[in-house]
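S.K.: Spelled out, the chains give:
Number of protein chains: 2
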Amino acid sequence: MLKLYYAPGTCALASHIALEEAGADYSAVRLDFKANQQQSPDYLEVNPKGRVPALVTDKGILTETPAILAYIAQTFPKAKLAPTDDPFAFAEAQSINNYLCATVHVAHAHKGRGYRWASDESSFADMKRMVPKSMGAAMELIEKGMLKGPWVMGEQYTICDPYLYTISLWLEGDSVDLKTFPKVADHMKRMAERPAVKKVMGEQQAKAA
Amino acid sequence: MLKLYYAPGTCALASHIALEEAGADYSAVRLDFKANQQQSPDYLEVNPKGRVPALVTDKGILTETPAILAYIAQTFPKAKLAPTDDPFAFAEAQSINNYLCATVHVAHAHKGRGYRWASDESSFADMKRMVPKSMGAAMELIEKGMLKGPWVMGEQYTICDPYLYTISLWLEGDSVDLKTFPKVADHMKRMAERPAVKKVMGEQQAKAA
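So the sequence lines, in the order shown, correspond to chains A and B. Counting from 1, one number per residue, gives the positions in the first sequence under the numbering used here. Counting from 1, one number per residue, gives the positions in the second sequence under the numbering used here.
Treat the hints with care, as some may be off.
Pairs of lysine-lysine residues, derived as BS3-like cross-links and limited to a Cα-Cα distance of at most 25 Å, are as follows [stated by the list, open to error]:
# : chain 1 : residue 1 : chain 2 : residue 2
1 : B       : Lys133    : A       : Lys179
2 : A       : Lys133    : B       : Lys199
3 : B       : Lys59     : A       : Lys144
4 : B       : Lys133    : A       : Lys111
Some chain B residues near chain A, calculated using beta-carbon distances under 8 Å [as the list claims (entries may be wrong)]:
#  : residue
5  : Tyr43
6  : Asn47
7  : Pro48
8  : Gly50
9  : Phe88
10 : Ala91
These are computed hints drawn from the structure, not numbers from a lab. Every residue, glycine too, gets a C-beta built ideally from N, C-alpha and C.
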């Protein structure tokens, strides 16, 4: 059985939703970030990076959201979560997920995790001020190009959708006005209506209580 | 024919080497970053992000290094640049490339591209000071875990190798002492001896002159 390590409010939500959509037999283990459990010796054995998500499989442990999402899509082909039989379309999905990971998530992380890249309080404050602008610029590219609609890649729901949704949930806290991005806002609404999303959100929120 | 847009000294080197290793029929187009050519209207038509690499295929344009590398591996299977028939091993390769993209490249980018995440000169200076530490921490994870040797994934040369090599070339400029990371240093030497790497490095350096 697959085991996903996650913490509420993190990008691990994307993998959690994807497992649910895939109909996978899995368990989800919540880490307490407030107690810094992701840096505990036990968890560092699972993921030496001290981050989530980590997916424990019978072949070993996988980390990094785009890799985990593609793995779920490839190992649960009936769920059709990625165009795995078309290398170009698959690369397009990977490209979107890489952008969400390396540019959009990174821009967001400068709000609360500036210590990864600087050490002065004044730098952290400066980074925080930039987040609405950098996240807004990313959302503009997504709104105008990447998000085809109704789902990210068009008619077919894919592994790009839970990832964009996960990041979209951060936008209000990042002071990005969703009214400026109607397609992204519409995508969020459509995602929130999916049974898999409702179930996972309920589970993550209940456990966080 | 495939067309790769690159600039010398950037992460596009990884895709360039992979195309050469794959035996692909391709052309490489150099952008002049000093003239800000990556932000020209013509190039923004190719890649609205204003970045390299971008790979023009007969089906459309791909961006983001991990996605391009996986595409090359999948479309040139004879070159065996990724374990494309084993979803877990393929995900491991993707995980390494995602880490190089979203953590290691991002750490490096804080040396010269701090304006992406902040606006004060003092923040840029602070970010620059952190780079040896953040890049060193990443290299420690790579040295102790990810880099199996002789190649990143073990006996088989894969798309992870040109990507790690590309980033390793930045370490001296990032004030990371390669003597501390003998496996990474050894990997660099082994990469530099490959005919494909010699050819691509020669082409990128000649065009930059």
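S.K.: So, against the hints stated earlier in the document, which numbers end up violated here?
M.R.: 1, 2, 5, 6, 8
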